[in-house]
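Read off the chains here:
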Amino acid sequence: MRDRPSGFTNPWLQLALSVVCVLVSELLLKRGASQTADLTKSWSWTGISGLASPLVWLAIIFVIISFVSWLYVLKYIPLSVAFPLSRVVDALVPLGSWIFLGEKISYLRWCGIALVVVGLAVVARPIGRLEERL
Amino acid sequence: MTWVSFSLILIALVTFVTGQLLLKKGMELTAPTKRLPHEVTLFLASGILSMTISFFLTLGLLQKFDLSYLYPFQGLSVILIAITAAVTLHEKVTLQLAVGALLISAGIILISLS
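Chains as they are written, first to last, in numbering that gives the first Met the number 0: chain A, 0 to 133; chain B, 0 to 113.
Calculated directly from the structure, the hints in this document are not laboratory data. Bear in mind the structure is a predicted one, so any value in this text is a computation, not a measurement. Zero decoy hints are in this set.
Which residues of chain A face chain B? A partial, calculated answer using Cβ under 7 Å: (1) Leu70; (2) Leu78; (3) Arg108; (4) Gly118; (5) Val121.
In silico DSS-like pairs for lysine-lysine, Cα to Cα no more than 25 Å straight-line: (6) B/Lys24 to A/Lys74; (7) A/Lys74 to B/Lys91; (8) A/Lys103 to A/Lys29; (9) B/Lys24 to B/Lys91; (10) B/Lys63 to A/Lys29.
Cβ coordinates follow ideal geometry from the N, Cα and C atoms, glycine included.
Work the whole structure out from these sequences, hints included.
Structure representation (structure tokens):
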């Protein structure tokens, strides 16, 4: 790891930005895809009709932002640390679907979300010490 | 599940992991004075290519299988990336990181099974 910038260019902040952008894009994609779903068309399985929704285009912009900030993260943080942390999105997407899209979360799924959060805490704990050594 | 489907799932997973490793390698080379820019471009381009292959394989698999069936394999990527980053990029994987990666993978599998 090399000298790392602070403020907006702080890689940990960029990792958070990347995760938030993925979360927002997933929710927008689901909204946009639902609005434009037309299962009567023979090519409906391609999902290409989703491009008619402005929400889908907005989602694509968020995907691009998340990719750029992810590349920036890779410049400073080891992949074996950054990637597990980025999977917080697997807990956030179901939570976001529950809050914003009104989807139901089963008991087992809550357990899975809890497990991901515990795993993240375990991965994230040594980071404070990691930063001190640098 | 046939052997063909199983191989496709495996290839989708491997190309995803390979893509991440290539992107990481490329971004590491962006350090000033270290390498020529065209090497960075080469790594990034092959990383993006590898992830594109993974994306389309997954898209094809999604047409055949439920998302909830395919997603647990994505959970394995956390463990695979921790291991391969340690081996190929010589990153230091502590016991704590390994345990955390295992927990996250188990959580993702539970979320997608339910």
